[in-house]
Amino acid sequence: MECHRTTTEHTAYPVFYDVEPSEVRKQSGAVGEAFAKYEMEEAAGKWRVALKEAADLAGWELKNTADGHEAKVIQKIVEELSLVLRTISFNIDEKYAFGTDIPAQGYEELCRQVVRYAAGLPLTIRVLGSFLCGKNELEWIDALERLKTIPLNETLKKLELSYIALEEDYKEIFLNVACIMKGWRKDDAIKALESCGFYARNGLRVLQQKSLITIYKNYGYDHLGMHDHLEEMGRNIVRHSHPDKPHKHSRLWKVDEIEDTLANDLGSTKATKYIQVHRKKFSLPIFIKGLRKMKELRFLSVRGNCSIDLEFSIVGPDFPKALRYLHWDFYPFRSLPTTFQANNLVALEMANSRIVQLWEGGERKVLNKLRFLDLSSPVLSTFDLGLTPNLETLTLKDCYHLVELHMTAACLKLTSVNLEGSRLRTVDLGLAPNIEELILVGCEDLENLHLPGRCLNLRHLLLTKSKLRTLDIGLTPNLEKLNLKKSYCLEELHMANECQKLNELIITYSNLRTLDLGMTPNLEKLVLIECHKLVELHTPFGCLKKLVHVNLSGCLRFRRFEFNIKDYTSCSVDESLEVGPLAELYLCAESVKRCLLHPDNKLPKFQFFCDYKEDRPSLTRNLKRLFSVGMCACTNLETFSQSICGLQRLRKLVLQHSFVEVIKDLDQLESLEELILYYTKIKHLPDSILMLKRLKYLELYDCSLLEKLPEDIGQLECLQKLHLTDVKIIKHLPDSICMLKHLKYLELYDCLLLERLPEDLGQLECLEKLHLTDAKIIKHLPESICMLKRLKNLLLCGSLLEKLPEDLGQLECLEELDLHGCARLQDIPNSICEMKCLKHFFLYSCIRVEKLPDELGRLGCLEALYIHGTSISDLPQSIFLLKDLRIQGSRQLLQSCGFTPEIEAHEYIDETMCYARVPIMQEPIVK
Numbered sequence: 001m002e003c004h005r006t007t008t009e010h011t012a013y014p015v016f017y018d019v020e021p022s023e024v025r026k027q028s029g030a031v032g033e034a035f036a037k038y039e040m041e042e043a044a045g046k047w048r049v050a051l052k053e054a055a056d057l058a059g060w061e062l063k064n065t066a067d068g069h070e071a072k073v074i075q076k077i078v079e080e081l082s083l084v085l086r087t088i089s090f091n092i093d094e095k096y097a098f099g100t101d102i103p104a105q106g107y108e109e110l111c112r113q114v115v116r117y118a119a120g121l122p123l124t125i126r127v128l129g130s131f132l133c134g135k136n137e138l139e140w141i142d143a144l145e146r147l148k149t150i151p152l153n154e155t156l157k158k159l160e161l162s163y164i165a166l167e168e169d170y171k172e173i174f175l176n177v178a179c180i181m182k183g184w185r186k187d188d189a190i191k192a193l194e195s196c197g198f199y200a201r202n203g204l205r206v207l208q209q210k211s212l213i214t215i216y217k218n219y220g221y222d223h224l225g226m227h228d229h230l231e232e233m234g235r236n237i238v239r240h241s242h243p244d245k246p247h248k249h250s251r252l253w254k255v256d257e258i259e260d261t262l263a264n265d266l267g268s269t270k271a272t273k274y275i276q277v278h279r280k281k282f283s284l285p286i287f288i289k290g291l292r293k294m295k296e297l298r299f300l301s302v303r304g305n306c307s308i309d310l311e312f313s314i315v316g317p318d319f320p321k322a323l324r325y326l327h328w329d330f331y332p333f334r335s336l337p338t339t340f341q342a343n344n345l346v347a348l349e350m351a352n353s354r355i356v357q358l359w360e361g362g363e364r365k366v367l368n369k370l371r372f373l374d375l376s377s378p379v380l381s382t383f384d385l386g387l388t389p390n391l392e393t394l395t396l397k398d399c400y401h402l403v404e405l406h407m408t409a410a411c412l413k414l415t416s417v418n419l420e421g422s423r424l425r426t427v428d429l430g431l432a433p434n435i436e437e438l439i440l441v442g443c444e445d446l447e448n449l450h451l452p453g454r455c456l457n458l459r460h461l462l463l464t465k466s467k468l469r470t471l472d473i474g475l476t477p478n479l480e481k482l483n484l485k486k487s488y489c490l491e492e493l494h495m496a497n498e499c500q501k502l503n504e505l506i507i508t509y510s511n512l513r514t515l516d517l518g519m520t521p522n523l524e525k526l527v528l529i530e531c532h533k534l535v536e537l538h539t540p541f542g543c544l545k546k547l548v549h550v551n552l553s554g555c556l557r558f559r560r561f562e563f564n565i566k567d568y569t570s571c572s573v574d575e576s577l578e579v580g581p582l583a584e585l586y587l588c589a590e591s592v593k594r595c596l597l598h599p600d601n602k603l604p605k606f607q608f609f610c611d612y613k614e615d616r617p618s619l620t621r622n623l624k625r626l627f628s629v630g631m632c633a634c635t636n637l638e639t640f641s642q643s644i645c646g647l648q649r650l651r652k653l654v655l656q657h658s659f660v661e662v663i664k665d666l667d668q669l670e671s672l673e674e675l676i677l678y679y680t681k682i683k684h685l686p687d688s689i690l691m692l693k694r695l696k697y698l699e700l701y702d703c704s705l706l707e708k709l710p711e712d713i714g715q716l717e718c719l720q721k722l723h724l725t726d727v728k729i730i731k732h733l734p735d736s737i738c739m740l741k742h743l744k745y746l747e748l749y750d751c752l753l754l755e756r757l758p759e760d761l762g763q764l765e766c767l768e769k770l771h772l773t774d775a776k777i778i779k780h781l782p783e784s785i786c787m788l789k790r791l792k793n794l795l796l797c798g799s800l801l802e803k804l805p806e807d808l809g810q811l812e813c814l815e816e817l818d819l820h821g822c823a824r825l826q827d828i829p830n831s832i833c834e835m836k837c838l839k840h841f842f843l844y845s846c847i848r849v850e851k852l853p854d855e856l857g858r859l860g861c862l863e864a865l866y867i868h869g870t871s872i873s874d875l876p877q878s879i880f881l882l883k884d885l886r887i888q889g890s891r892q893l894l895q896s897c898g899f900t901p902e903i904e905a906h907e908y909i910d911e912t913m914c915y916a917r918v919p920i921m922q923e924p925i926v927k
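Take 1 as the starting number for the sequence shown in UniProt numbering and just add one per residue.
Hints may contain errors.
[Unchecked claim] 30 Å max Cα-Cα, derived DSS-like pairs, lysine-lysine:
{"no.": "1", "residue 1": "K546", "residue 2": "K217"}
{"no.": "2", "residue 1": "K741", "residue 2": "K836"}
{"no.": "3", "residue 1": "K182", "residue 2": "K248"}
{"no.": "4", "residue 1": "K397", "residue 2": "K465"}
{"no.": "5", "residue 1": "K46", "residue 2": "K171"}
{"no.": "6", "residue 1": "K731", "residue 2": "K744"}
{"no.": "7", "residue 1": "K171", "residue 2": "K293"}
{"no.": "8", "residue 1": "K26", "residue 2": "K171"}
{"no.": "9", "residue 1": "K289", "residue 2": "K413"}
{"no.": "10", "residue 1": "K481", "residue 2": "K465"}
{"no.": "11", "residue 1": "K741", "residue 2": "K769"}
{"no.": "12", "residue 1": "K273", "residue 2": "K295"}
{"no.": "13", "residue 1": "K836", "residue 2": "K721"}
None of these hints come from the bench; they were simulated from the model.
Using the sequences and the hints, build the whole thing.
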């Protein structure tokens, strides 16, 4: 902020993340609380000034931008700052470009159009600036319109200098990207360029280093990008020698030029080497006839679903023999013509084609140079790898009629095979020892898979929905991903003892009874879902140091088991500074009638829902303990307790449903901060809970059998929140609760038999929220409640209180007082008018309350008053001092006080309920 204030070279743009600018400006709310901790810091004064200045600047407020969607807000900030930076770039060059500062007033919008056209390219900005210097406004407008259709020659000439400095091969690669491959996936572009004889990887890297291309991510894949002006320059270079004679261009990409060249028999020249056509309909006869004359054509790409006349669906075109790369989406012919001399063909890609067999008439023509093959055709029934001895990549995807794949000779160069969706019953890749990726997704008829005994290069194996009963993956030291989803028939899986690089193993719906992971030190993700028969999981746990995610739902004794590395960003400041991120365990037990493994065992029987998060240091020890919990349904409660209490650095423990007692040795969980019980059958909490010196949150929900809390609960010196909901038979809170010096939240919901609150409740000096609902026996609050100087929220809904303490107004920090449904309450003490911070006052359904204090107007912060359902018939005159106060009450009451009531819009609200606001200029009504 100091740089922003003292120089013109720095500009600050604030981002208000989950905080309002007014809070930063006034330093109230969470901002104020944060500063309160650092009042003694020497720099605190400078911090306050800097934040106030920042709050006065234009920026972005999360909740008011893109509907609060964080990713969209970030994208908007990046886009807007990019435009700012491009404008700055323009300003830096303006003296060079215009010979002066920004042109005369009124040209600002025209300058922005120049910046947008240049898209931040400094060289383009300079050239445009020099060109526009000295021109009037109409000439600017005319020039900008012209640039939309006609390239600025001088700009392109200067951009061309970067191109001229390239080596010849890199020039060719640049022109291919500019004319044809912009927007392609990088892998596809490399394949096409290599097919044409280029060293593509190195060439693309050089072009990227020189900023002639960009690499961007889309749907998880790298794609080729190029600045519009560079694309324009590249295409202009191709057209330059013969601007009006497309048939003499080395590359053709415009449909009309391609059709004109082929239809007029102009393709006999040796100029054109690359053609890409992308349209839904073109004249196939013209295309076929013209291709015969394109003697030097090495690259042909037909993109998109082309609409073709059926009469041409049998005999294919006569492709030129120079072709190295042939890509044709939805190829409409049944085979390649025998006249095609494909001796130079390196890549053949015909996804979604109608090919039945590779060569017309079943001829066996060997493609010795073919490296990349995609014959994904729903009517292809057989393929012989003997025709492609040097093949590296084979894709036969969604070949629903493919029943035979022949490998009669070794395929030493084959590295990738994709047979997704085929109907093959047997896949034999025993003669492909260098396979790196094998995709057999959705091969529902597959019964036999033969892999080489030594698959030393295999990295990815995806095999789903097969009928395999046994899978032996052999020696696969480099295997990284093994996916066996929906392997319904799988009974045996044989893995090598050492899969040192395996990082992801997924098996679902299998019939495996045992699984031995062997040495898998890099395993990060282990998913075993609905493997109902799995009873043994063998692994040297010391090797699982990198596990990030485990899901054993439906396996062993776990109805659900999920483990995730805890998100470090979710840790509190205290955690990160003192003990690092800790573990969290959610454990839900459900009683079952019998254990399938031990049907006669008399021990209690449970199945568990388990969610577990933790950091890495204690991972393997804790996972081993949790796995031991789930081997069968029989539960020895003592052993179970030892397993859970042995979880090191457990921060949060949630127990739900069929637990009949809390784990006894809780004192061993030295790091436990949160203990939460839901719907348990627990009758009392163990005394060991008092030894939890870090416990901050104790929450009990619907523990209907719980009779009492430990008498010495006051020993929980760090406790900040005590929550009881539907603990229906508990009659009193221990007096020691008043010793909890850090307690901030005391929430007691539906504790129907609770008879009283401790008399010394006022000693809870940190208490901020006190909730007491539906307490049907308590009639009076302890007088000491008025000593709670930090109390902000007091909720006493549905209780049978008959009166409030007379000195309730001493609650100087109270912001919300909720008394709705207190049917026996009659009087509101006058002292509440001293509550300078009170914002919301709820009295609806307090049927015996007839009057509000006369000095209610002293509540200067009051924003909302709810009096519907009371017996109040008049409002104090002082209420008109509370400008813009929202009053909710009956129509009759509001009208009698001079207001114009409006009906509440919510469907669930009584139609007689209205509201009104005290007008800012309203004078008191004199009756």
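Quiz item: Within a Cα-Cα threshold of 30 Å, do K182 and K248 meet the stated pairing?
Solution: holds, 22 Å
Quiz prompt | Proposed proximity, K171 with K46 (alpha carbon, max 30 Å) | solution = violated, 56 Å
Quiz item: Are K481 and K465 close enough, with their CA atoms no more than 30 Å apart?
Solution: Given pair K481, K465 holds - Cα atoms ~17 Å apart, limit 30 Å.
Quiz item: K741 and K769: Cα distance at most 30 Å?
Solution: Between K741 and K769 the Cα gap is close to 14 Å, so the pair holds against 30 Å.
Quiz item: For the pair supplied as a hint, K731 and K744, is the alpha-carbon distance within the 30 Å limit?
Solution: holds, 22 Å
Practice problem: Sort out whether K293 lies within 30 Å of K171, counting only the CA atoms. | Solution: holds, 27 Å
Quiz item: Taken at face value, is the distance from the CA of K295 to the CA of K273 at most 30 Å?
Solution: Distance of about 9 Å is within 30 Å: holds.
Practice problem: Would you mind confirming whether the straight-line C-alpha gap from K397 to K465 stays at or under 30 Å? | Solution: With Cα atoms ~15 Å apart, K397 and K465 stay inside 30 Å; holds.
Quiz item: Are K546 and K217 close enough, with their CA atoms no more than 30 Å apart?
Solution: holds, 27 Å
Practice problem: Below or equal to 30 Å on CA atoms is what counts here, so check K26 against K171. | Solution: violated, 60 Å
Exercise. Mind checking the alpha carbons of K836 and K721 for me, to see if they're no more than 30 Å apart?
Key: holds, 26 Å
Exercise. Take the C-alpha atoms of K289 and K413, compute the straight-line distance between them, and say whether it is at most 30 Å.
Key: Violated, at roughly 36 Å.
Of the numbered hints listed earlier, those contradicted by the structure are 5, 8 and 9.
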